[in-house]
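Asks: Chains as they are written, first to last, in numbering that gives the first Met the number 0: chain S, 0 to 100; chain F, 0 to 100.
Be careful, since some hints might not be right.
Below 27 Å or equal to it, Euclidean Cα-Cα: the simulated BS3-like pairs (lysine-lysine) are [what the hints assert, rightly or not]:
hint	chain 1	residue 1	chain 2	residue 2
1	F	Lys41	S	Lys51
2	S	Lys97	F	Lys18
3	S	Lys30	S	Lys71
4	S	Lys63	F	Lys18
5	F	Lys41	S	Lys71
6	F	Lys51	F	Lys18
Read the hints as simulated data drawn from the structure, not as lab findings.
Number of protein chains: 2
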Amino acid sequence: MIQLIALFQQPADPAEFEKSYWETHVLLAKKIPGVISLEVSKILPGRDTPAKYYQMAILSFADKDSFKTAMKSPENAEAGANLMSFAAGLVEFHTAEKVAV
Amino acid sequence: MIQLIALFQQPADPAEFEKSYWETHVLLAKKIPGVISLEVSKILPGRDTPAKYYQMAILSFADKDSFKTAMKSPENAEAGANLMSFAAGLVEFHTAEKVAV
Numbered sequence: 000m001i002q003l004i005a006l007f008q009q010p011a012d013p014a015e016f017e018k019s020y021w022e023t024h025v026l027l028a029k030k031i032p033g034v035i036s037l038e039v040s041k042i043l044p045g046r047d048t049p050a051k052y053y054q055m056a057i058l059s060f061a062d063k064d065s066f067k068t069a070m071k072s073p074e075n076a077e078a079g080a081n082l083m084s085f086a087a088g089l090v091e092f093h094t095a096e097k098v099a100v
Numbered sequence: 000m001i002q003l004i005a006l007f008q009q010p011a012d013p014a015e016f017e018k019s020y021w022e023t024h025v026l027l028a029k030k031i032p033g034v035i036s037l038e039v040s041k042i043l044p045g046r047d048t049p050a051k052y053y054q055m056a057i058l059s060f061a062d063k064d065s066f067k068t069a070m071k072s073p074e075n076a077e078a079g080a081n082l083m084s085f086a087a088g089l090v091e092f093h094t095a096e097k098v099a100v
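Given these sequences and hints, build the entire structure.
Replies: Next comes the structure, spelled out in structure tokens:
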């Protein structure tokens, strides 16, 4: 399983971020071909320190080939452009391979 | 679902890290009470840049109460001490709440 992990820093306006994320981005991300699942987690603030990240999202794909196909798709370009319209500078991406535990 | 997310930076000796992680730490982490799943992903290096992280691990718990109980358990103390014996300075933890997508 190949994962596209998106780590988001704290947005200046969380309510605006949430609105854009759920009302536009999630719908577009789900249309990317080969997406098996989209998992979203909210990072909880620590007791003493502000959270380094605000949110993590994981898009999962069956294998490297389907991931490559997905990344080249027009649906991915559209989802990426949408994300940059409200989360540019807030998001970092990591690609990962899930291992059996 | 409450998640304990561990992000690991690149170890100096990956083979040594892998040996300690899989032969000692995973066994101890699985014994922490209330652990529903342990998911491990290897971060893939980017085309042009070294990966910011080496590995991500997610321990999942049913809810905040079972997470709190787990964190106070002797099994968690043992797993944590073990982790610090080979990954001190390499690992950062984030607590997160998974949201429905």
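Asks: Given the hint that F:Lys41 pairs with S:Lys51, test it: the Cα-Cα distance must not exceed 27 Å.
Replies: 21 Å, holds
Asks: Run the distance test for F:Lys41 versus S:Lys71: straight-line Cα separation, threshold 27 Å.
Replies: 22 Å, holds
Asks: Please verify whether F:Lys51 and F:Lys18 have alpha carbons no more than 27 Å apart.
Replies: It holds: about 21 Å lies between the C-alpha atoms, which stays within 27 Å.
Asks: Below or equal to 27 Å on CA atoms is what counts here, so check S:Lys30 against S:Lys71.
Replies: 13 Å, holds
Asks: Could you grab the alpha-carbon distance between S:Lys97 and F:Lys18 and see if it respects the 27 Å cut-off?
Replies: 18 Å, holds
Asks: Take the C-alpha atoms of S:Lys63 and F:Lys18, compute the straight-line distance between them, and say whether it is at most 27 Å.
Replies: Holds: S:Lys63 and F:Lys18 sit about 26 Å apart, inside 27 Å.
Checked against the numbered hints given earlier, the structure satisfies every one of them.
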